[in-house]
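Enquirer: Each chain, written out:
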Amino acid sequence: MAERPEDLNLPNAVITRIIKEALPEGVNVSKEARSAISRAASVFVLYATSCANNFAMKGKRKTLNVTDVMAAVEEMEFQRFLTPLKEALEAYRREQKGKKEATELKKKDNKDKKAEGDDQDRSREEEDEEEKMEDDEVVEEEEVEN
Amino acid sequence: MAVPESRLVSLPLARIRLIMRSSPDVSSINPDALIITAKATELFVKYLASYSYKHGTGKETNTLTYDDLSNTAEESETFQFLSDILPKKILASDYLKMLEKEEEGVHDDDEDDDEEKEEDDDEEEEEEEEEEEAEEEEDDEEESNDSDDGEDEDYKQDDDDDDDEL
Numbered sequence: 001m002a003e004r005p006e007d008l009n010l011p012n013a014v015i016t017r018i019i020k021e022a023l024p025e026g027v028n029v030s031k032e033a034r035s036a037i038s039r040a041a042s043v044f045v046l047y048a049t050s051c052a053n054n055f056a057m058k059g060k061r062k063t064l065n066v067t068d069v070m071a072a073v074e075e076m077e078f079q080r081f082l083t084p085l086k087e088a089l090e091a092y093r094r095e096q097k098g099k100k101e102a103t104e105l106k107k108k109d110n111k112d113k114k115a116e117g118d119d120q121d122r123s124r125e126e127e128d129e130e131e132k133m134e135d136d137e138v139v140e141e142e143e144v145e146n
Numbered sequence: 001m002a003v004p005e006s007r008l009v010s011l012p013l014a015r016i017r018l019i020m021r022s023s024p025d026v027s028s029i030n031p032d033a034l035i036i037t038a039k040a041t042e043l044f045v046k047y048l049a050s051y052s053y054k055h056g057t058g059k060e061t062n063t064l065t066y067d068d069l070s071n072t073a074e075e076s077e078t079f080q081f082l083s084d085i086l087p088k089k090i091l092a093s094d095y096l097k098m099l100e101k102e103e104e105g106v107h108d109d110d111e112d113d114d115e116e117k118e119e120d121d122d123e124e125e126e127e128e129e130e131e132e133e134a135e136e137e138e139d140d141e142e143e144s145n146d147s148d149d150g151e152d153e154d155y156k157q158d159d160d161d162d163d164d165e166l
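Note that the protein sequences, when read in sequence, are chains X and G.
According to the numbering used here, the first sequence holds residues 1 to 146 in order.
According to the numbering used here, the second sequence holds residues 1 to 166 in order.
Keep in mind the hints are simulated off the structure, nothing from the lab.
Careful, some of the hints might be misleading.
Taking lysine-lysine pairs in the DSS-like style, the calculated list, with each CA pair at most 25 Å apart, reads [as the list claims (entries may be wrong)]:
| id | chain 1 | residue 1 | chain 2 | residue 2 |
| --- | --- | --- | --- | --- |
| 1 | X | Lys20 | X | Lys31 |
| 2 | X | Lys99 | X | Lys111 |
| 3 | X | Lys108 | X | Lys86 |
| 4 | X | Lys31 | G | Lys54 |
| 5 | X | Lys107 | X | Lys86 |
| 6 | X | Lys106 | X | Lys86 |
| 7 | X | Lys100 | X | Lys111 |
| 8 | X | Lys86 | G | Lys59 |
| 9 | G | Lys59 | G | Lys88 |
| 10 | G | Lys101 | G | Lys88 |
| 11 | G | Lys46 | G | Lys89 |
| 12 | G | Lys59 | X | Lys20 |
| 13 | G | Lys46 | X | Lys31 |
| 14 | X | Lys20 | X | Lys86 |
| 15 | G | Lys59 | X | Lys31 |
| 16 | G | Lys54 | X | Lys20 |
| 17 | G | Lys54 | G | Lys101 |
| 18 | G | Lys101 | X | Lys20 |
| 19 | X | Lys31 | X | Lys62 |
| 20 | G | Lys54 | G | Lys89 |
| 21 | G | Lys59 | G | Lys46 |
| 22 | X | Lys58 | X | Lys97 |
| 23 | X | Lys108 | X | Lys97 |
| 24 | X | Lys20 | G | Lys97 |
| 25 | G | Lys46 | G | Lys88 |
| 26 | X | Lys31 | G | Lys101 |
| 27 | G | Lys88 | X | Lys31 |
| 28 | G | Lys59 | G | Lys89 |
| 29 | X | Lys97 | X | Lys107 |
Chain G is faced by these chain X residues, among others (derived, beta-carbon under 8 Å) [stated by the list, open to error]:
| id | residue |
| --- | --- |
| 30 | Arg4 |
| 31 | Val14 |
| 32 | Ile37 |
| 33 | Tyr47 |
| 34 | Val66 |
| 35 | Glu75 |
| 36 | Glu77 |
Cβ atoms here follow ideal geometry from the backbone N, Cα and C, with glycine treated the same way.
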């Protein structure tokens, strides 16, 4: 949990980079302006969360979900964010799916290798048995001779 | 497996979750909802910066200042919720002038409206408090007079460019 007020700040370096991305090159952002934007971003998160939570409560849900956040963003009059947000979510889900498939593929690979190993073991055992049988036959033959 | 971490969101998710959890009544957050909130915050930072720069006063000098941001909070309805944390800066000397004006107004009321005497009493109390504050600010002003001189002009230009559309 947040114990100190600065725990609710967002990292300055990241905020500065995001600001730089949004402005034309060479624009100088005063230190005061940077910290003000950072504070504004924290307030935005709180405001969005409280709006989203209202929607979740209306729906009698305890967990905030994507539709709650989307509805909150819309209610806050940031409709312009909705399309990029949907795109980001789709990209994120694709990425997650890709990761999942990759790990599943890896697992499968491992299993195959293991299976191959088993096969080799088994064939060796079989060979052993055959050798044994041959030995037995030899012993039998010897007995007959006696 | 080319990228080890998701580069879709640059803000730290743990921190965003901490801020969200600090809001009362919020118990759990869906992971997708967290990603979306982080992304929305990023878009918000970009929008606030570019909007304030576009409507601000520093386009010739290529600067974005605090005053541009507080103007945005004051002028734009969408950014209104920021007005408490981005208050407009005001020079102590201007504040004193405002107080003087208010004072005159209150005295006029005293003479004219006997019926509203009770209200006037209340106002006078408030006024006294404000005067105390003003004295404190006066001291501040004397100390920082030199550095404030340059900023004076900025405040007069406040209303430039504000009627552009979003």
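Enquirer: Would the pair lysine 46 of chain G and lysine 31 of chain X pass a check requiring their Cα atoms to be no farther apart than 25 Å?
Expert: Given pair lysine 46 of chain G, lysine 31 of chain X holds - Cα atoms ~16 Å apart, limit 25 Å.
Enquirer: Next pair to validate is lysine 59 of chain G with lysine 20 of chain X; report whether the Cα-Cα distance is within 25 Å.
Expert: Given pair lysine 59 of chain G, lysine 20 of chain X holds - Cα atoms ~15 Å apart, limit 25 Å.
Enquirer: Measure nothing beyond the straight line between the CA atoms of lysine 54 of chain G and lysine 89 of chain G; if it is 25 Å or shorter, mark the hint as holding.
Expert: Satisfied, since the Cα-Cα distance of roughly 20 Å is no more than 25 Å.
Enquirer: Do the alpha carbons of lysine 108 of chain X and lysine 86 of chain X lie within 25 Å of each other, as the hint requires?
Expert: Violated. Lysine 108 of chain X to lysine 86 of chain X sits at ~33 Å, over the 25 Å cutoff.
Enquirer: Given glutamate 77 of chain X as an interface hint, is the shortest Cβ-Cβ distance to chain G below 8 Å?
Expert: Cβ of glutamate 77 of chain X sits 5 Å from chain G, so the hint holds.
Enquirer: With 8 Å as the cut and Cβ atoms as the points, is glutamate 75 of chain X at the interface with chain G?
Expert: Status violated, d = 11 Å.
Enquirer: Starting from lysine 59 of chain G, check that the Cα of lysine 88 of chain G is at most 25 Å away, please.
Expert: 20 Å, holds
Enquirer: So if I understand the rule, the pair passes when the alpha-carbon distance is 25 Å or less; does lysine 54 of chain G with lysine 101 of chain G pass?
Expert: With a Cα-Cα distance of about 34 Å, the restraint between lysine 54 of chain G and lysine 101 of chain G is violated, given a limit of 25 Å.
Enquirer: Tyrosine 47 of chain X was flagged as interface toward chain G. Is the shortest Cβ-Cβ separation under 8 Å?
Expert: Holds - the Cβ of tyrosine 47 of chain X comes within 8 Å of chain G, reaching about 6 Å at its closest.
Enquirer: Is the hinted pair lysine 101 of chain G and lysine 88 of chain G satisfied, with a Cα-Cα distance of at most 25 Å?
Expert: 20 Å, holds
Enquirer: Below or equal to 25 Å on CA atoms is what counts here, so check lysine 101 of chain G against lysine 20 of chain X.
Expert: 43 Å, violated
Enquirer: Next pair to validate is lysine 106 of chain X with lysine 86 of chain X; report whether the Cα-Cα distance is within 25 Å.
Expert: 30 Å, violated
Hints 3, 5, 6, 8, 17, 18, 19, 22, 24, 26, 30 and 35 from the earlier list are contradicted by this structure; the remaining hints agree with it.
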